[in-house]
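> If you're matching them up, the sequences are chains A and B in order.
Quick note on numbering: numbering that gives the first Met the number 0 labels position 289 of the first sequence as 288, and the sequence is numbered without any gaps.
Quick note on numbering: numbering that gives the first Met the number 0 labels position 177 of the second sequence as 176, and the sequence is numbered without any gaps.
It is possible that part of the hints are untrue.
[What the hints assert, rightly or not] Restricting the straight-line Cα-Cα distance to at most 35 Å, the calculated cross-link-like pairs of lysine-lysine (DSBU-like) are: (1) B:Lys271 / A:Lys223; (2) B:Lys210 / B:Lys48; (3) B:Lys48 / B:Lys285; (4) B:Lys297 / B:Lys210; (5) A:Lys245 / A:Lys224; (6) A:Lys224 / A:Lys57; (7) B:Lys210 / A:Lys164; (8) A:Lys21 / A:Lys57; (9) B:Lys79 / B:Lys180; (10) B:Lys297 / B:Lys79; (11) A:Lys287 / B:Lys210; (12) A:Lys54 / A:Lys223; (13) A:Lys21 / B:Lys180; (14) B:Lys210 / B:Lys285; (15) B:Lys271 / A:Lys245; (16) A:Lys50 / A:Lys287; (17) B:Lys271 / A:Lys260; (18) A:Lys160 / A:Lys318; (19) A:Lys224 / A:Lys260; (20) B:Lys45 / B:Lys183; (21) A:Lys57 / A:Lys223; (22) A:Lys318 / A:Lys260; (23) B:Lys156 / B:Lys79; (24) B:Lys180 / A:Lys160; (25) B:Lys256 / B:Lys48; (26) A:Lys160 / B:Lys210; (27) B:Lys79 / B:Lys45; (28) B:Lys183 / B:Lys48; (29) B:Lys156 / B:Lys45; (30) B:Lys285 / A:Lys245; (31) A:Lys287 / B:Lys256; (32) B:Lys271 / A:Lys224; (33) B:Lys256 / A:Lys260; (34) A:Lys245 / A:Lys287; (35) A:Lys224 / A:Lys318; (36) A:Lys245 / B:Lys256; (37) A:Lys223 / A:Lys164.
[To be verified] With the Cβ distance kept under 10 Å, some of the chain B side facing chain A (calculated, not the full set): (38) Pro90; (39) Thr192; (40) Gln299.
None of these hints come from the bench; they were simulated from the model.
Just so you know, even glycine gets a beta-carbon here, dropped at the ideal spot from N, CA and C.
Listed below, chain by chain, are the residues.
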Amino acid sequence: MQPIPEDKQEHCPGTESDQAGKQSACEGCPNQQICASGEANLPDPDLGNIKERLKDVKHKILVLSGKGGVGKSTFTSQLALALSDTEQEEEEIDVGLLDIDICGPSIPRIMGLHGSRVHNSSMGWEPVYVDQLAVMSIGFLLDDPADAIIWRGPKKNGIIKQFLKDVNWGELDYLVVDTPPGTSDEHISIVQYLKESSITGAVIVTTPQEISLLDVRKEINFCKKVNIPIIGVVENMSIFVCPNCKAESVIFPPTTGGAVKMCEDMDIPFLGSLPLDPRIARSCDTGKPFIVEYPDTPAAIAYRSVVDKVKQFCEDTTK
Amino acid sequence: MSDITVCPSKEEVGYARQCDGCPGQQYCQSSQSEHPGQSALDVRMKAIKRKILIVSGKGGVGKSTMSSQLAMGIAHFGSKVGVLDVDICGPSLPKLFNCEDYQIVSQEWGWIPAISNGVSVMSVAFMLPNRDSPVIWRGPRKTNIIIRFLKDTYWGKLDYLLIDTPPGTSDEHLSTISSLKNVKVDGAVIVTTPQELALDTIRREITFCQKMNVTILGIVENMSGYVCPCCDEISDIFSTGGAEELANEFDIPFLGKVPLDPSVVQLCDTGKTIWETENQYSDSIKNIIDNIEIEINKIQ
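Take these sequences, add in the hints, and give me the full structure.
As structure tokens, then:
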């Protein structure tokens, strides 16, 4: 009977670490031999290629959660749309939206691009455009959008690298990245691949109840551990307004104080609350952007308020 | 023609056509030989009558809540049940069972699971130094701990083992199914919410189960309808009915609908059981448990 691993709280030192394969945390890991041989430690030439490809992208924003189903993809799409809204601006703003949720890509449907395909050009893979917004997702590479992507970590990492290195993003003011839930291959890889290109910051999405905050605190600690600046936390689905009687009710009770208390405890900015509006789910299903279809609703106004804070953070970093 | 959307399992791992050029090819080739603990794992699993995967593909649809409520219901009605949490990055079960402070004890017969509300529970959360520690592990390390959980946990003789999975169709899912290859997995229960955005992922999950030869016991539609506490108006916040249509489309059993009930959310946050009182929610869970048993019996 093998004892419980002593190293249980030790993280994978990373394949590029000089301790790769040699720490006690590595005992029993199927990758140990490869790491210890140093083969995984060779400098990755693609980091330079990625830096070159993204040199004209001013701000790179990750949208993270840790918890699934809190509305990361919904929020990411509305964020990208609002950032690219040039009604109030004098100049055009170019925005890219990258979906690195390989197993469960939601962005194509939300953006009304379900069934679209990627084209190759001499400059690389061309993103799919919605007005001026450049979008890339594995959903666009599938013959059948219902195909399951049953890939282990290394293969997912490979496609994420290609999305950064081979897509013709061009000049962008913002590249917004939608991630899957968790703190695993996709997240470790995106941070690793953008090491030389710099990440402006991360927006973290949660819902009010403790079962979500449990995972979100882990995500915040992940960001701190890998030195990603945290733009702030958004609390989604905070209240529900009945379309019949307009009464407000709380579906996901913040039994431990919700995102506001969590942000106070962890000393990170709270960006705002987004209410639950049944039209948001319907908009995502039909691919019509919510903040464009229903611009004067409380939810759309709340979205724009959060987006303004994200913009301000980005502007402050360029000063 | 090899299917590029699927990492191959079993004999072809690392050597199939679609493996060429994959960054993980070398690792997969080196892990070809059977895990040394496989026979010990098989012995543990054969002492358990029914092994059911709770899957979704989509995050946030209530897989873990469903796993915990089904398990507590099964225990409430007199059977022996365990739940294994293979969501390594976001382990929710200790919270749902109110046993977050449990630390695993290793004894002669194996790792002793936590016991709560009549259910044996095992999760990576029981190994973390504190609740907020992130688990930043790549696929191979997650695979390793899942094999350990199956092989080393002292489940004893159970009537049911429910395996709660994370969203996605990746390492955790492949490793769990691969580890259980010598023992019969009775099937998978797919949990979804009604809206089309979730159903996209569920279609992929159905494809996943078919490709992995896992029987689909049926689909559960969670968060189906919310009753406004003021005026009793039913709002379909996440739409409704989509899961039943999808089940018909794929000729899969529809196990039932579960409503969105804030009082249940509150109970879940504090790890309490819904079975102390009868209500619409507990009735819907009982209905699903009965339907799962019907489907398993049909297959046998």
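> Against this structure, judge whether each hint is valid.
Now the hints, each set against the structure:
As the CA atoms of Lys271 of chain B and Lys223 of chain A are separated by approximately 33 Å, the hinted pair is consistent with the 35 Å bound. About 24 Å separates the Cα atoms of Lys210 of chain B and Lys48 of chain B, which keeps this hinted pair within 35 Å; it holds. With a CA separation close to 20 Å, the supplied pair Lys48 of chain B and Lys285 of chain B stays within the 35 Å bound. Simply put, Lys297 of chain B and Lys210 of chain B have alpha-carbon atoms about 21 Å apart, close enough for the 35 Å limit, and the pair holds.
About 43 Å separates the Cα atoms of Lys245 of chain A and Lys224 of chain A, which puts this hinted pair outside 35 Å; it is violated. Restraint check: the Cα-Cα separation between Lys224 of chain A and Lys57 of chain A comes to about 24 Å, which is no more than 35 Å; the hinted pair holds. Distance check on the hinted pair: Lys210 of chain B and Lys164 of chain A sit about 31 Å apart at the alpha-carbon level, within 35 Å; holds. As the CA atoms of Lys21 of chain A and Lys57 of chain A are separated by approximately 38 Å, the hinted pair breaks the 35 Å bound.
Distance check on the hinted pair: Lys79 of chain B and Lys180 of chain B sit about 23 Å apart at the alpha-carbon level, within 35 Å; holds. Restraint check for Lys297 of chain B and Lys79 of chain B: the C-alpha separation of about 21 Å stays at or below 35 Å, so the hint holds. In summary, the hint linking Lys287 of chain A to Lys210 of chain B is supported, as the alpha carbons are separated by about 33 Å, within the 35 Å threshold. Only pairs whose Cα atoms come within 35 Å are accepted, and Lys54 of chain A paired with Lys223 of chain A is accepted, the gap being roughly 25 Å.
The hinted pair formed by Lys21 of chain A and Lys180 of chain B meets the criterion: a straight-line CA distance of about 31 Å does not exceed 35 Å. A C-alpha spacing of about 30 Å is found between Lys210 of chain B and Lys285 of chain B, which places the hinted pair at or below 35 Å, so the restraint holds. For the given pair, Lys271 of chain B sits about 31 Å from Lys245 of chain A by alpha-carbon distance, which is consistent with the 35 Å threshold. A C-alpha spacing of about 33 Å is found between Lys50 of chain A and Lys287 of chain A, which places the hinted pair at or below 35 Å, so the restraint holds.
Restraint check for Lys271 of chain B and Lys260 of chain A: the C-alpha separation of about 23 Å stays at or below 35 Å, so the hint holds. Distance restraint check for Lys160 of chain A and Lys318 of chain A: the Cα-Cα separation of roughly 30 Å lies within the 35 Å cut-off, and the hinted pair is therefore satisfied. For the hint linking Lys224 of chain A to Lys260 of chain A, the alpha-carbon distance of about 21 Å falls within 35 Å, and the restraint holds. Between the alpha carbons of Lys45 of chain B and Lys183 of chain B the distance comes to roughly 8 Å, so the proposed pair stays at or under 35 Å and holds.
Between Lys57 of chain A and Lys223 of chain A, the direct Cα distance comes to roughly 22 Å. Compliance with the 35 Å bound is thereby established for this hinted pair. Between Lys318 of chain A and Lys260 of chain A, the direct Cα distance comes to roughly 30 Å. Compliance with the 35 Å bound is thereby established for this hinted pair. Our distance criterion of 35 Å between C-alpha atoms is met by Lys156 of chain B and Lys79 of chain B, whose separation comes to about 8 Å. Using a Cα cut-off of 35 Å, the hinted pair Lys180 of chain B and Lys160 of chain A holds, with the two alpha carbons roughly 33 Å apart.
Between Lys256 of chain B and Lys48 of chain B, the direct Cα distance comes to roughly 26 Å. Compliance with the 35 Å bound is thereby established for this hinted pair. Distance restraint check for Lys160 of chain A and Lys210 of chain B: the Cα-Cα separation of roughly 27 Å lies within the 35 Å cut-off, and the hinted pair is therefore satisfied. Between the alpha carbons of Lys79 of chain B and Lys45 of chain B the distance comes to roughly 15 Å, so the proposed pair stays at or under 35 Å and holds. A C-alpha spacing of about 9 Å is found between Lys183 of chain B and Lys48 of chain B, which places the hinted pair at or below 35 Å, so the restraint holds.
Taking the CA atoms of Lys156 of chain B and Lys45 of chain B, the gap is near 9 Å; set against the 35 Å cutoff, the hint holds. Using a Cα cut-off of 35 Å, the hinted pair Lys285 of chain B and Lys245 of chain A holds, with the two alpha carbons roughly 33 Å apart. With a C-alpha separation of about 28 Å, the suggested pair Lys287 of chain A and Lys256 of chain B falls inside the 35 Å cut-off, and the hint holds. The hinted pair formed by Lys271 of chain B and Lys224 of chain A meets the criterion: a straight-line CA distance of about 33 Å does not exceed 35 Å.
Distance hint between Lys256 of chain B and Lys260 of chain A is fulfilled; the C-alpha atoms sit about 34 Å from each other, no more than 35 Å. Under the criterion of a C-alpha separation no larger than 35 Å, the hint pairing Lys245 of chain A with Lys287 of chain A is consistent with the structure, at around 24 Å. A hinted pair counts as satisfied when its Cα atoms are at most 35 Å apart, and Lys224 of chain A with Lys318 of chain A qualifies at roughly 25 Å. Straight-line distance between C-alpha atoms of Lys245 of chain A and Lys256 of chain B comes to about 26 Å, which keeps the hinted pair within the 35 Å bound.
For the given pair, Lys223 of chain A sits about 26 Å from Lys164 of chain A by alpha-carbon distance, which is consistent with the 35 Å threshold. The interface hint given for Pro90 of chain B holds, since its Cβ lies 9 Å from the closest Cβ of chain A, which is under the 10 Å cut-off. For Thr192 of chain B, the interface hint holds, since its Cβ comes within 10 Å of a Cβ in chain A; the closest pair sits about 8 Å apart. Annotation: interface hint on Gln299 of chain B violated; nearest CB of chain A at approximately 27 Å, more than 10 Å.
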